[in-house]
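Each protein sequence line maps, in turn, to chains G and A. Count along the first sequence starting at 1, add 66, and that's the number in this note's numbering. Count along the second sequence starting at 1, add 3, and that's the number in this note's numbering.
Careful: at least some of the hints might be erroneous.
Mimicking EDC-like on lysine to aspartate or glutamate, the simulated pairs with C-alpha atoms at most 20 Å apart in a straight line are [to be verified]:
1. G/Lys231 x G/Asp250
2. G/Lys78 x A/Glu40
3. A/Lys20 x G/Glu273
4. A/Lys14 x G/Asp259
5. A/Lys14 x G/Asp168
6. G/Lys177 x G/Glu212
7. A/Lys13 x G/Asp149
8. G/Lys100 x G/Glu307
9. A/Lys20 x G/Glu179
10. A/Lys13 x G/Asp272
11. G/Lys231 x G/Glu271
12. G/Lys292 x G/Asp259
13. G/Lys100 x G/Asp174
14. G/Lys290 x G/Asp313
15. A/Lys13 x G/Asp313
16. A/Lys20 x G/Asp256
17. G/Lys145 x G/Glu97
18. A/Lys20 x G/Asp264
19. A/Lys17 x G/Asp259
20. A/Lys14 x G/Asp250
21. A/Lys62 x A/Glu40
22. G/Lys70 x G/Asp168
23. A/Lys20 x G/Glu212
24. A/Lys17 x G/Glu212
25. A/Lys13 x G/Asp250
26. A/Lys14 x G/Glu212
27. A/Lys14 x G/Glu97
28. A/Lys17 x G/Asp168
29. G/Lys145 x G/Glu179
30. A/Lys17 x G/Glu179
31. A/Lys20 x G/Glu97
32. G/Lys78 x G/Glu212
33. G/Lys99 x G/Asp149
34. A/Lys17 x G/Glu97
35. G/Lys99 x A/Glu68
36. G/Lys290 x G/Asp264
37. G/Lys177 x G/Glu97
Keep in mind the hints are simulated off the structure, nothing from the lab.
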Amino acid sequence: MTAKIITVTSGKGGVGKTTTVANISVALALEGKKVVCIDGDIGLRNLDVILGLENRIVYDLVDIVEGRCRTRQAMIRDKRLPDLFLIPAAQIRDKNAVSPSDMIRLCDELKPEVDFILIDSPAGIERGFRNSIAPADQILIVTNPEMSAVRDADRVIGLLEADGKNPPSLIINRLNPSMVRRGDMLSMEDVFDLLRIDVIGIIPEDENVILASNKGTPLALDGKTKAGQAFRNISRRLNGEQVPFLDLNHQNIWDRFGWRR
Amino acid sequence: MNLFERLIGKKSAKNAKERLQLVLIHDRIDLTPLAIEALKDDLIAAISRHIDIDPANVKIEIETEGRSQRLVADIPLRSTPRRRTG
Ligand SMILES: Nc1ncnc2c1ncn2[C@@H]1O[C@H](COP(=O)(O)OP(=O)(O)O)[C@@H](O)[C@H]1O
Ligand SMILES: [Mg+2]
């Protein structure tokens with residue numbers, strides 16, 4: 067095995083990176099892949115609660131880097147999905163405790179043992195972002211269909227270009243189809259037109275995302291919600307499958323006749 | 004804005020897209036609209052040293068193709084030949 071390393075980043079905070087990492091990790095594990103996700107947001111640990119694993123943390127990323135534990139000891143195995151592991155972030159204040167080369171070293175160690183490594187990047191373009199993208203084979207940019215999220219995504223894409231990274235792919239999260247229909251929200255086509263990178267997924271705005279985070283059971287665990295299905299589709303695309311985008315427009319009859327604006 | 008849009012009120016997504024298109028152009032080249040005006044003035048001054056141009060109708064635009072941009076200058080020349088003395 068040699069893992070594919072996927073980093074999820076965005077520039078702007080609160081657009082859905084952690085939600086995306088949790089759900090794609092779960093979806094990949096459901097497909098029988100061995101997955102390790104790493105919370106790269108030092109000082110603002112969150113991936114643990116979204117996955118519902120917060121009560122099982124003993125060691126964290128900084129403990130690994132500083133040699134207080136073996137990598138294995140900091141990997142929390144998800145009891146629902148025995149092939150899914152989490153390496154939690156530390157809740158310390160020193161954001162410089164981890165360097166890009168620490169991340170590369172850690173991923174090199176994990177690589178032979180798993181199929182996918184997913185890294186949850188913090189917001190911003192500083193150290194935590196640099197750490198998170200350093201080992202990446204593929205980068206997913208999460209954005210929302212609104213001004214500041216799209217602008218920040220463009221900044222990050224520009225930085226990755228300047229760094230000579232592989233072209234990233236785009237996830238458009240929190241799309242509200244009825245607002246798009248009214249002409250009051252940027253559509254997938256608009257966002258693509260602006261950013262001009264490959265779109266790998268569109269996730270609708272869905273209150274089930276919050277219910278799922280309340281319970282610590284990511285939506286992708288069952289395929290019943292649109293958002294959960296959308297995340298599962300992304301994981302299949304990451305596996306090289308051609309999967310059409312979900313039809314998010316079927317709320318009312320007018321849509322079937324293509325009535326728009 | 005056409006008449007129809009004016010009557011019904013322009014859709015906000017269209018507004019967002021147009022504003023973002025401009026913001027992204029300037030973010031990517033790291034030049035503000037004012038800095039581009041200054042560049043235009045410098046360009047006019049430099050070219051005028053060699054050839055007679057019509058400075059009022061010079062157009063400088065940033066064109067976008069995919070994620071790459073190019074600076075496109077449209078510089079009309081004066082038809083009357085410039086007299087050089089000395
Ligand atoms: N598709 C969605 N629909 C509704 N709420 C969402 C969606 N995606 C994310 N959220 C909510 O947005 C907030 C920020 O999400 P999070 O994944 O923590 O963002 P980030 O990691 O980028 O800061 C959370 O409260 C989350 O529940
Ligand atoms: Mg987060």
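Results of checking the hints against the structure:
1. Pair hint G/Lys231 plus G/Asp250 does not hold up; C-alpha atoms about 34 Å apart against a cutoff of 20 Å.
2. Our distance criterion of 20 Å between C-alpha atoms is broken by G/Lys78 and A/Glu40, whose separation comes to about 30 Å.
3. With a C-alpha separation of about 26 Å, the suggested pair A/Lys20 and G/Glu273 falls outside the 20 Å cut-off, and the hint is violated.
4. Only pairs whose Cα atoms come within 20 Å are accepted, and A/Lys14 paired with G/Asp259 is accepted, the gap being roughly 18 Å.
5. For the proposed pair A/Lys14 and G/Asp168, the alpha carbon gap of about 48 Å is over 20 Å, so the pair is violated.
6. The hinted pair formed by G/Lys177 and G/Glu212 fails the criterion: a straight-line CA distance of about 36 Å is larger than 20 Å.
7. Between the alpha carbons of A/Lys13 and G/Asp149 the distance comes to roughly 51 Å, so the proposed pair goes past 20 Å and is violated.
8. As the CA atoms of G/Lys100 and G/Glu307 are separated by approximately 18 Å, the hinted pair is consistent with the 20 Å bound.
9. As the CA atoms of A/Lys20 and G/Glu179 are separated by approximately 45 Å, the hinted pair breaks the 20 Å bound.
10. Only pairs whose Cα atoms come within 20 Å are accepted, and A/Lys13 paired with G/Asp272 is rejected, the gap being roughly 27 Å.
11. Restraint check: the Cα-Cα separation between G/Lys231 and G/Glu271 comes to about 30 Å, which exceeds 20 Å; the hinted pair is violated.
12. Between the alpha carbons of G/Lys292 and G/Asp259 the distance comes to roughly 24 Å, so the proposed pair goes past 20 Å and is violated.
13. As the CA atoms of G/Lys100 and G/Asp174 are separated by approximately 15 Å, the hinted pair is consistent with the 20 Å bound.
14. Between G/Lys290 and G/Asp313 the CA atoms are separated by roughly 15 Å; this keeps the pair inside 20 Å, and the hint holds.
15. Between A/Lys13 and G/Asp313 the CA atoms are separated by roughly 27 Å; this puts the pair beyond 20 Å, and the hint is violated.
16. Using a Cα cut-off of 20 Å, the hinted pair A/Lys20 and G/Asp256 holds, with the two alpha carbons roughly 7 Å apart.
17. Pair hint G/Lys145 plus G/Glu97 holds up; C-alpha atoms about 16 Å apart against a cutoff of 20 Å.
18. Between A/Lys20 and G/Asp264 the CA atoms are separated by roughly 18 Å; this keeps the pair inside 20 Å, and the hint holds.
19. With a CA separation close to 12 Å, the supplied pair A/Lys17 and G/Asp259 stays within the 20 Å bound.
20. Note on A/Lys14 and G/Asp250: the hinted pairing holds, with a Cα-Cα distance of about 6 Å set against a maximum of 20 Å.
21. The straight-line distance between the Cα atoms of A/Lys62 and A/Glu40 is roughly 10 Å, inside the 20 Å bound, and the hint therefore holds.
22. For a cut-off of 20 Å, the pair hint linking G/Lys70 to G/Asp168 stands: about 18 Å separates their Cα positions.
23. For the hint pairing A/Lys20 with G/Glu212, the CA-to-CA distance comes to about 9 Å; that is within 20 Å, so the pair holds.
24. A threshold of 20 Å between alpha carbons decides the hint, and for A/Lys17 with G/Glu212 the separation of about 12 Å falls inside it, so the pair holds.
25. Distance restraint check for A/Lys13 and G/Asp250: the Cα-Cα separation of roughly 10 Å lies within the 20 Å cut-off, and the hinted pair is therefore satisfied.
26. Pair hint A/Lys14 plus G/Glu212 holds up; C-alpha atoms about 14 Å apart against a cutoff of 20 Å.
27. With a C-alpha separation of about 42 Å, the suggested pair A/Lys14 and G/Glu97 falls outside the 20 Å cut-off, and the hint is violated.
28. With a CA separation close to 45 Å, the supplied pair A/Lys17 and G/Asp168 exceeds the 20 Å bound.
29. For the given pair, G/Lys145 sits about 19 Å from G/Glu179 by alpha-carbon distance, which is consistent with the 20 Å threshold.
30. Taking the CA atoms of A/Lys17 and G/Glu179, the gap is about 48 Å. The hint is violated against a cut of 20 Å.
31. Our distance criterion of 20 Å between C-alpha atoms is broken by A/Lys20 and G/Glu97, whose separation comes to about 38 Å.
32. Distance hint between G/Lys78 and G/Glu212 is fulfilled; the C-alpha atoms sit about 11 Å from each other, no more than 20 Å.
33. A distance of roughly 7 Å separates the Cα atoms of G/Lys99 and G/Asp149; the hinted pair therefore holds under the 20 Å criterion.
34. Only pairs whose Cα atoms come within 20 Å are accepted, and A/Lys17 paired with G/Glu97 is rejected, the gap being roughly 40 Å.
35. Between G/Lys99 and A/Glu68 the alpha-carbon distance is near 39 Å, which puts this suggested pair outside the 20 Å criterion.
36. Between G/Lys290 and G/Asp264 the alpha-carbon distance is near 27 Å, which puts this suggested pair outside the 20 Å criterion.
37. This hinted pair checks out: G/Lys177 and G/Glu97 have alpha carbons roughly 19 Å apart, not beyond 20 Å.
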